[in-house]
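J.: One-letter residues, chain by chain:
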Amino acid sequence: MKWNDCASNVMQTINGWLLDLFEDIQSPGVVLWVLSEEGKRVRLHQPFPIRFSLSGPTKVLRQVWQFLKSHASPPQLSRQKGRDLFFPQPVDLLVVEVASFSLQQRLFRELLDRYPDLLYYNADVSLPLRYAAKTGSFPLCRCEITCFESGLVHEFIVRDSPWELDSQAPQLAFMNLEPDCDPLHASPQALLVSAAGDNYRLSLQPPRALLINLQALLKRHDPDVLLTRWGDTWLLPFLVQLSEKFEIALPLNREPGHGFLQRPERSYFSYGQIMYSGQQFHLFGRWHIDRQNAMFWSDFGIDGIVEMARVTSQPAQVAARTSPGTGISSMQVLTALRHDILVPWHKQQGERPKTALELIESDLGGLVYQPLVGLHRDVGAIDFISMYPAIMVRCNISPETSKADLLETGDESPGLIPLTLEPLLKKRVALKQRAASLPHWDPRRKLDKARSSAHKWLLVTCFGYLGYKNARFGRIEAHEAVTAGGREALLRAKEASEDMGFQVLHMYVDGLWIYQPKKNQPQDFVPLLDEIARRTGLAIALDGVYRWVAFLPSRVNARVPVPNRYFGVFQDGSLKVRGLEVRRRDSAPWVARMQMDLLEYLAQAQDADQLPDYIPGTMAILRRHLADLRAGRVPLEDLLVALRLSREPQEYTVKTAGARAAMQLQEIGKTLRPGQRVRLLYLRGGEVQAWDMPGKPDPRRIDLARYYELAVRAASAVFYPLGLSEDELRAWLKGGIQLCFQFALLAGKRQILLPPSSEEQAWQALFQGVKAGKQGLLIG
Amino acid sequence: MNTLLPAQLPNQLLLVMGEHAASHWMLELAAWLSMQGPARVLDGGNRFNAYPVAQSIRRQHFDPRVALGRIRLSRAFTCYQVHALLTEWPAVQHPTLIFDLLATFYDESVNLPESQRLLRKVLWQLQQLSKLAPVVVSTRMPATICAERMVLFEMLKAQAGSFRLELEVQPQDVEAIAPSQPTLLPFLEGGAATKSIVRRKYG
Amino acid sequence: MGRTVPSITQVFMHEEQSLSRFRRALRRSDQLALDELLSNARQHIAAAAYATHVLPMETFLVAMLLEEHKEVRRLRDEVERLRQQCNANN
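Protein chains in written order, with numbering that gives the first Met the number 0: chain B, 0 to 779; chain H, 0 to 202; chain E, 0 to 89.
Okay, chain B solo, but in the shape it has when bound (with noise of 0.2 Å):
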């Protein structure tokens, strides 16, 4: 973007990455921070009109166009023909300019109370995306600025591009700030902070001198990056407080005189879910990432967090802190503004109608199987990499797209959800090679792996979201089409193995599980996933071959197989469990780690014949946690489990264990919202406390029944399939019996005997009054 020169002014040259982009509140137009090249980080000015479109009748756009020529502040008006996806013909528009963003807010708000009837393209959509149409950036981008000593840009270059596999990374300078101890739980003391390799303890008293060694801290590190543990919930905001109370400014944010960005917490509905978003609080200049309030952190840390940055084009700190679905919106409007395609405000189309007897045939997602409930070995898992992804792109599957055959490819021109998904489908599978060639030493393969994490997200909700209500670019038609393409590749799959010879154990929407007697080296799998790709047009790779895997019934009925729940061993010795408590993320640390301890041990097995060998040892495992809990040598944070609330603790009828928590928090007036977890634990006579009350409680009362229980009942679950029922596994832990396997394998029939248990009469006392029959031990 060019501007008159100024003659007097000299022009200078800026090599660097984009760091932030945000609105300038002191002269229209948009604030870039750079970080160049020579390491520095440099404050630019540019003027960024805005524009968005209106259509309607002829004569309310005339009404509109008075009434704007009018208006206090008169923006700039044209007309224009615009293309509006949902709509064949193209669309007449009443253009309007205006020179700042929020200007523009301002005025779409009004506009939408006079004239609520008007379709209002281009309207929401947010600064960064707008500047990303316009110039090509995201977050950290290579570019190349021309600009006045002013810092005012004369023009912005970008030299990179998001789909690059090795970009050129900046070196950010990080800061970590957290308080010592978990606020929600106690009071904390002191801060620690950590930046350059130097760690410091700042204690919170006496405020003035935290506030005063804070400020010189920020001051002589500047970073980047101020990484935090609950800081948007309530370190930055308790800073800031102290920081107004003692009239000592704290430098938080790099750009001077601004200030601070904070959402409120809500409880939303996502994918039939109940979800939860904490209160946040962005910085400018900077980026603030709470690690407890990063969407995916766990999963990927902040590569991940600065991958979805760049792909979406949304600020990092935004990134962050959203849904991928919110990702892949940004991705979907950026690819609409950059083909000249208006984004609505809102989307009006309902769906196109069908007969009664096409709903049946159409509404119903993937292809669901019920496994082999048991053991079975040499097992090869295949998955189409990325299916539903995969499919949209091939068959060019998008709202304004007319609808092909099954898995065919047509020759209409890519529709804006393939142009928007293509790209990153591909840096996927690039990197997914690579991942394959890549020695285990390469640096580079944490970070593809944490940048691949993010991809998988994205990609993986890009599916749910073409059917979201409130999508811009959604269709129901389209989301069915994707479905119904899941479902016939998966048949052709299906076809395609048993045609060469194997036998399908499993099946699950984008996967299945096959087997064929002396098939189980990756080679072996080769020619049937040449035979599916030609089958289907689709990619399918192999997972992997288990050694030995299990699939579990149902807890509830063990009649019923369940679909998902299933563990077993490849052949490099790596695990992989699904559906198992291991995985919940409600379940106690200390039973998902005594879970663990028994998988592992029995991953050790080389072959499903030597299993036999591996019951003594996970019995002996079972035993010693036991034994720990007994003695009262589990911290106590190892027995919390983390139930997920559903709606308000007052809403539910009946009291469930989360329920009653909330309820005891909010007493004391720390109020949870539907969809946070509540950590509790399970005291003795039915009782719960919630861990974040004040006080811990007495370790006597805690109900080592009921962790018994929970203990067992995952214990059984890796037992099953190894031939042992839950009642016997309780049974043998009671004592009093002696468990004998005798097992037919390949190696020949082995015995082994286990001897009673002895250890467990100390049990006994705990559950006397408890009347004991089959299911003896189930308490409360």
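All clues given are correct.
Mimicking SDA-like on lysine to any residue, the simulated pairs with C-alpha atoms at most 20 Å apart in a straight line are:
no.	chain 1	residue 1	chain 2	residue 2
1	B	493	B	528
2	H	120	B	111
3	B	425	B	533
4	H	156	H	19
5	B	493	E	51
6	B	353	H	93
7	B	518	B	572
8	B	493	E	42
9	H	120	B	56
10	B	468	H	111
11	B	493	E	43
12	B	353	B	404
13	B	353	H	37
14	B	353	E	5
15	B	353	H	88
16	B	353	H	71
17	B	493	E	49
18	B	493	E	50
19	B	244	B	214
20	B	353	H	90
21	B	468	E	2
22	H	120	B	113
23	B	353	E	2
24	H	120	B	118
25	H	120	B	347
26	B	468	H	107
27	B	493	B	538
28	B	353	H	86
29	B	468	E	5
30	B	468	H	113
31	B	402	H	71
32	B	468	H	86
33	H	120	B	54
34	B	468	H	108
35	E	69	B	497
36	B	353	E	51
37	B	468	H	106
38	B	575	B	595
39	B	353	E	50
Hints listed in this document are in silico derivations from the structure and should not be mistaken for laboratory results.
Mind docking chains H and E on chain B? Use the hints.
T.: For chains H and E alone, kept in the frame of chain B given last:
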């Protein structure tokens, strides 16, 4: 079954109300109409479960595939979509059924004045349609947490030519009362590739 | 956006429930047989979903028959094997 339904639907706006938006009755009505000729459905609350319709048609010894093929439906998931669909729809001579009309208007993601504005337009559209052919609208009350949306129901009621109340007992309510014995099946034994395991207990 | 037509699992549970009065009046031994039939049908629930029959119960009935026939074949083979064994012993 047809004692349940009016012998002949008049060209007017009939409002049916029930706790579950009278869905059961509406589905029976859809089945009955589809055996006589084409019908049009707008589903505003994910209510059009086509299976009971098929069963009802079959009970009348009629081919469900033929009859289901005569029902043309569109689903709306926001009140904007309800309005847009009614705007696009051509005027027809055959009956129109609207399931759970107010569901999307009760949705609090759209503010109440905006919902009212859109509902006013929708009601006008329904009046126009009902001059040519019967229009049957089903609805329910707003949930207690958004009681202020009751005004939307009053707006709809004021426009109705006739009104019918369905006392709905859902199938699951009946099941909850029905006594049952637990399943008698034992644990499933492992799948084909499972190795046989014999256990013995001592002591 | 939420499904309008219930999933095949929901349909199956509904059909199962609609048999509950029938089941209650059966002798216990017959209840067991009925439970087994239903359990057999459930194994083919994904195929029944794909079939999208307007009256899914008809597909469930065929699924029950299918499992019954597999059992008949298995027993036929077993009888044949035993007969040969008998013949060989005689």
